[in-house]
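There are 2 protein chains.
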Amino acid sequence: MRRGRASLVFEHPPVIEAAASVAGKKEGEGPLRGRFDLVAEDDRMGKKTWEEAESAMQEAACRLALKKGGLERGQIQYLFAGDLLGQLIATSFGVADLEIPLFGLYGACSTIGEALCLGAMTVAAGYGERVLTVSSSHFATAEKQFRFPLGYGNQRPWSSTWTVTGSGAFVLASEEAAEEKSGPAGEKRGFPEPGQGGKPGGRAVISAVTVGKIADMGVKDSMNMGAAMAPAAYSTISRNFMDLGVGAEAYDRIITGDLGRVGSQALMDFMRAGGRDLSAVHMDCGLEIYDCAAQDTHAGGSGCGCSAVTLAASILGKVESGEWRRVLFVPTGALLSTVSFNEGRTIPGIAHGVVIEHRGPGERRG
Amino acid sequence: MRRGRASLVFEHPPVIEAAASVAGKKEGEGPLRGRFDLVAEDDRMGKKTWEEAESAMQEAACRLALKKGGLERGQIQYLFAGDLLGQLIATSFGVADLEIPLFGLYGACSTIGEALCLGAMTVAAGYGERVLTVSSSHFATAEKQFRFPLGYGNQRPWSSTWTVTGSGAFVLASEEAAEEKSGPAGEKRGFPEPGQGGKPGGRAVISAVTVGKIADMGVKDSMNMGAAMAPAAYSTISRNFMDLGVGAEAYDRIITGDLGRVGSQALMDFMRAGGRDLSAVHMDCGLEIYDCAAQDTHAGGSGCGCSAVTLAASILGKVESGEWRRVLFVPTGALLSTVSFNEGRTIPGIAHGVVIEHRGPGERRG
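Protein chains in written order, with my numbering: chain A, 313 to 678; chain B, 313 to 678.
Worth flagging that the hints you see were computed from the coordinates, not collected in a lab.
There's no promise every hint is true.
The list cannot tell twin chains apart, which means a pair is met if one copy fits it or any two copies do.
[What the hints assert, rightly or not] Think about it this way: if two alpha-carbon atoms lie no more than 20 Å apart in a straight line, the pair counts; the simulated EDC-like pairs of lysine to aspartate or glutamate are: (1) 532 <-> 409; (2) 359 <-> 655; (3) 337 <-> 487; (4) 456 <-> 655; (5) 493 <-> 635; (6) 380 <-> 492; (7) 360 <-> 655; (8) 380 <-> 487; (9) 493 <-> 409; (10) 337 <-> 455.
So here's chain A without its partners, still in its complex pose (with noise of 0.2 Å):
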């Protein structure tokens, strides 16, 4: 294991074992349609609350997951879980039922990226064999909670961004156990799934990890959280380029998680101003997952739950098929609270790292 000031590269890097989407409605209509292992018919899952619905999603990501793997809870050994809301609500009720020691955490949008990191921290350093990571945000909790009651049909500004209803739940697992459970090149597998072309037996690894810290440029608006985003994203992409010493050309795709139109652009003038072109290789999950003019979303989806579906449904495949070698993911996180904006206070931004990289048939400890 080799560290850098906020980085860790794995000698033995984790491998995203299995991954599972559960999509709200508007989600599953977008351009990610039929890729999702599950589409809700309607956003309240059944349930009486919205809160009641995002806590369904999680434990159905969750479960999938885990049975795309051939897992039962009982082979994990810890759960890292976050969403939006106040206390972690949706964590707190979802995954009870699943009984499995439990991190809670907090990253705002981001906090995908941060379950990604500590879980691949967690394996690597052999405390056990598999680890569950899960993040979720809906569409209607976040509004109730940040904004203005759904009801009151408040216009909003072509900055803001559209919650993404939904949950992406991972399980990484060491090499070892991997292989054991699916062969020494994942072909006992299902992946890659059908429609997402390469060919059969690769396997997605977190190869390192690059923590974030908060950054602050003065942002105060709470209709345009890619601003809010966009210094953290820089930040933490500036830092992995650095300790890692690489650049751009590295990376096949720079995935942000949630910056939007707004944000994107932001980071791309912040990285030319730092000399650093990323237009060739950026993407932005927010911008992925809704068609953002057919879909009415503004300036793109965001959310917890909005990178973590963009990853299990789309990136994955694409980087365990081979067409991507090697991706930073970076999620993003606008650490808006109702209270601190009240009182005046800015939009902390932070965006947590994570280095995903194809590994064919053979190739091991690449």
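Chain A is fixed; fit chain B onto it per the hints.
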């Protein structure tokens, strides 16, 4: 490293190299008076809002811990931090200026336990020579968020606890880094503090951790958090005994976070029903920090700060001096949210166990 289902026993136990406690006025007048590193003259800490005050306490605790350890913030690889407030705003605004890569954690009042678990795992794995862990709570921010406006002057039932105003921070270091800094027996440090008894030269190490699961026995009374948390404490302590193959006699003290009078009694009853008697070794930080009758705090203290400041101000010195050889520190959290509470849901609990042991001069890798 040996591991049980939820526990890890470290081959190279990280050292608690430095600790600091910042307390509010009321806490500074309680049984631990004179033991805190800083007592606020007023609980606003000179700030405009209670939330800013809590952030200031968290930052002060971090800076004091670094100072007491003779360390610069650049020597800290990662920060594990959290608080009770929605979106962890005490943390976001408290630690931003430290510019240390941050893992935001939420475990309600168990947060310092979660932070010490993850911090110890990180150091023991060799991911960093030093990490910092911190948590905070504030009576006024918590009442505002979870209960009634202070000005309303509502009556409190006897089962209610009083949220501790304060923050505790801990530097965890590898044995090698700690020895290099302060000599093989820690003799270059000032510990133990005057008046804490024992001989100088000892250290406290984290030898094992037991990560908690969510425990929910259906308690819905937000004025009786002790009852909500007792099942979680029971679950984690029992699991620790099982995983490590020990009983209550293995510990000089088993120290819960903030069960208070009601929750402590419930824990004793649960344990007795399971054939274990903890009464000889149990103590609760919530009952240590206040003189409940004289200070009108009813069932005791609570909050993320409760167990953190008690560990820093009182427990740690007794372990370092060798007065206690081995304690099981079990911060307890009630995952209460006003949203779920108002929707009629229960209050789930969680507790994380941290085994803290004395290492005397020459006792390395015991």
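Evaluated hints:
no.: 1; hint: 532 <-> 409; in the structure: between (38 Å within a copy, 18 Å between copies)
no.: 2; hint: 359 <-> 655; in the structure: between (34 Å within a copy, 12 Å between copies)
no.: 3; hint: 337 <-> 487; in the structure: neither (36 Å within a copy, 53 Å between copies)
no.: 4; hint: 456 <-> 655; in the structure: both (19 Å within a copy, 13 Å between copies)
no.: 5; hint: 493 <-> 635; in the structure: neither (24 Å within a copy, 49 Å between copies)
no.: 6; hint: 380 <-> 492; in the structure: within (16 Å within a copy, 48 Å between copies)
no.: 7; hint: 360 <-> 655; in the structure: between (33 Å within a copy, 9 Å between copies)
no.: 8; hint: 380 <-> 487; in the structure: within (17 Å within a copy, 42 Å between copies)
no.: 9; hint: 493 <-> 409; in the structure: neither (25 Å within a copy, 45 Å between copies)
no.: 10; hint: 337 <-> 455; in the structure: within (17 Å within a copy, 38 Å between copies)
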